[in-house]
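We have chain V already, so just place chain D on it with the hints.
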Amino acid sequence: MKRRNLILTAVFLLLSVIFLVYADNNFDSYIVRILNLCAIYTVLGLSMNLINGFTGLFSLGHAGFMAVGAYATAILTMSIETKQANFFLAPLISPLDKIVLPFLISLIIAGLIAVIVAYGIGAPALRLKGDYLAIATLGFAEIIRVVFTNTQRVTNGALGLKGIPSTTNLWWSFGIALFTVIVMISLINSSYGRAFKAIREDEIAAESMGINLFKHKVLSFMIGAFFAGVGGGLLGSLLGTIDPLMFRFFMTFNILLIIVLGGMGSISGTIISAFVITIATEWLRFLDEPIKLGFLTTPALPGLRMVVFSALLMVVVLFFRHGLMGTRELTWDMIFGFFNRKKPLTKGGTK
Amino acid sequence: MSVLRTDSITMQFGGLTAVKEFSLELNKGEIIALIGPNGAGKTTAFNMITGVYKPTKGNVIFNDKNITGLKPDQITVLGVARTFQNIRLFKDLSVLDNVLIANHLRIKSNFMEAILKLPRYRREEKAMFEKSMNLLEKVGLADLKDEKSSSLPYGKQRRLEIARALATDPAVLLLDEPAAGMNPKETDDLTVFIKEIRDEFNLTIFMIEHHMQVVMGISNRIYVLDYGVTIAQGTPYEIQNNQRVIEAYLGVEENA
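Protein sequence lines, in the order shown, are assigned to chains V and D. Reminder that position 313 of the first sequence reads as 312 in numbering that gives the first Met the number 0, one-by-one numbering, no gaps. Reminder that position 135 of the second sequence reads as 134 in numbering that gives the first Met the number 0, one-by-one numbering, no gaps.
Here chain V stands alone, though its shape is the one from the complex:
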């Protein structure tokens, strides 16, 4: 059984690589970009699911960590000339204007800066619980955005950054997504992952089992922030231009939508949901444009897509409270079990 699953996983990964090679060579840039976004949202979804789904901390500060990561990566990877062109109002502060680092190192540094920021936010805010934590983290994310709007000499303020080297391609985004998935699976199934889940299930019981709540909450928060920072860096490099307005609450909401639909506390659910939501967002783009209904033409309604998603979220919250997967994981055994279960029904004379 174990061997079969291992082989199937290997085959699945191989097929994915073949698909990516094919996509890289044959698909047009629009579809490649959507695929990149799918992978990046997987990274972001997983990082938020670690905090919200596995540790049970209702945090809404994700856009803040992404902003930190995106700006750090952008500033560290941009060439000196691009930096000079960007910072025409006020020059970039001294050491940063000469540093140009490779993409991977910039991503790691971006993640680490997000971790430091997460500690700064988490240390006071994680003493709060539930809704209060949500409001505090939401506030912190907004503070980060406002600070970035006003630190002209570091972030170029409201002008944003343009001409970020577009290093992100299918290999980078899917490679990092795979890395994130592996780290998350390993973490969640380790003793630390079990401690996180214990905190989610019952804080009082977890504490009386000797689990230091604060230490583990901050740890989960920091690991989540690291991947949020890396995801933000990837996103910035894919889009080529970032500005503070990108990282409003709306960004956090998008990722929250992914993890709620996929299942709080399910890695496979988050991955499936990240792909479905990202593709659906593009596919439903026609809703924002004028729609011809026979003789009637509705005017263009930008934002109608989000109405659809909001309705979808309401349906999920009302009828499928645990999302697509709940806390379960999609495994090969589950897929085979699903097919095997159907057989006796057809044989057993129901028809």
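Source of the hints: derived by calculation from the structure; they are not laboratory data. It is possible that some hints are incorrect.
With a straight-line Cα cutoff of 20 Å, these simulated EDC-like cross-link-like pairs (lysine to aspartate or glutamate) come out [as the list claims (entries may be wrong)]:
no.	chain 1	residue 1	chain 2	residue 2
1	D	K90	V	E328
2	D	K70	V	E202
3	D	K147	V	E328
The following label-pair restraints were derived from C-beta to C-beta distances [what the hints assert, rightly or not]:
no.	chain 1	residue 1	chain 2	residue 2	range
4	V	A89	D	Q73	48 to 54 Å
5	V	L88	D	K70	28 to 34 Å
6	V	H321	D	Q84	26 to 32 Å
7	V	S165	D	E136	57 to 63 Å
8	V	K214	D	N133	26 to 32 Å
For the chain D half of the interface with chain V, some residues (derived, Cβ under 10 Å), not all of them [stated by the list, open to error]:
no.	residue
9	T49
10	G50
11	I74
12	L88
13	D91
14	N97
15	E123
16	T167
Computed from a prediction, not measured in an experiment: that's the story for all the values here. For every residue, glycine included, the Cβ atom is placed at its ideal position computed from N, Cα and C.
For chain D alone, kept in the frame of chain V given last:
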């Protein structure tokens, strides 16, 4: 030799004194019961010892160390484990995971070692698994290890909670109404079981219990609380014949 001692601990919630000057002494290997009518402050006394509440006055001494005001997790690390009156298992997790989580407090590997599955972490994980399976075997739940803990019948959930508390390697085990809601057969089993674990794990047991058969059957000494005040303490025989205890439980006879 006393393992755990409280020096007249008092807990006040605003104007209400839930427990007043409660002095307890647990000697190594004893089974001590705490009884009293509903609302007498028994669970509050537990919560003060385990760090859920910080006593308004008085000290809790564990192995000559003052543990007053420490947090619950620190007290558990030192060796005082507890169960809860209304079972608090990690409901969505498996029976085995519930016990494994209680091993986490002694882990030495950091989270990076855990993610990378380095040798030291692997050794620790293996040891945790073996210890947990041993405990589950002792409480007779080994074959149910992959079940969701909330799917177990009530009596088994109680046993699992005790197994989970034992996994933290305690010196003192506090049981909050272990026999609550159990049928007579389960109660008898529990009485035997408590004695067994005491001998096997060298425990000192302090329990709150309403079930007199259990209390009188296994306790070395009994403390009686009423409205937060310790009205009696002594051997089961002494308590059974104590006039104040009888009054607290049955009321005073009115002389017309």
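Does K70 of chain D pair with E202 of chain V here, judged by a C-alpha cut-off of 20 Å? Measuring from Cα to Cα gives roughly 13 Å; hence the hint holds.
Is it true that the C-beta distance of S165 of chain V to E136 of chain D lies inside 57 to 63 Å, as the hint says? Hint holds: Cβ distance 59 Å, inside 57 to 63 Å.
Does I74 of chain D meet its interface restraint, that is, does its C-beta lie within less than 10 Å of any C-beta in chain V? Holds. Min distance 8 Å.
For the pair we were handed, K147 of chain D and E328 of chain V, check the Cα-Cα distance against 20 Å. Given pair K147 of chain D, E328 of chain V holds - Cα atoms ~15 Å apart, limit 20 Å.
Mind checking the hinted window 26 to 32 Å against the Cβ distance between K214 of chain V and N133 of chain D? Check passed, 28 Å falls within 26 to 32 Å.
Under 10 Å, Cβ to Cβ, is where E123 of chain D needs to be relative to chain V, so tell me if that hint holds or is violated. Cβ of E123 of chain D sits 7 Å from chain V, so the hint holds.
Taking the CB of L88 of chain V and the CB of K70 of chain D, does the distance hold inside 28 to 34 Å? Once the Cβ atoms are compared, 51 Å apart, the range 28 to 34 Å for K70 of chain D and L88 of chain V is violated.
So, as I understand it, the hint says L88 of chain D touches chain V; can you test that by seeing if any CB pair is closer than 10 Å? The hint holds - L88 of chain D has a Cβ within 10 Å of chain V, the shortest such distance being about 7 Å.
Under 10 Å is the threshold here; is the Cβ of T167 of chain D close enough to any Cβ of chain V for the hint to stand? 5 Å, holds
If you check the beta carbons of A89 of chain V and Q73 of chain D, does the distance land in 48 to 54 Å? 50 Å, holds
Hint check: is the beta carbon of N97 of chain D less than 10 Å from a beta carbon of chain V? OK, holds: N97 of chain D within 10 Å of chain V, min 8 Å.
Check the hint pairing K90 of chain D with E328 of chain V against an upper bound of 20 Å on the C-alpha distance. 17 Å, holds
The earlier numbered hint that this structure contradicts is number 5, and it is the only one.
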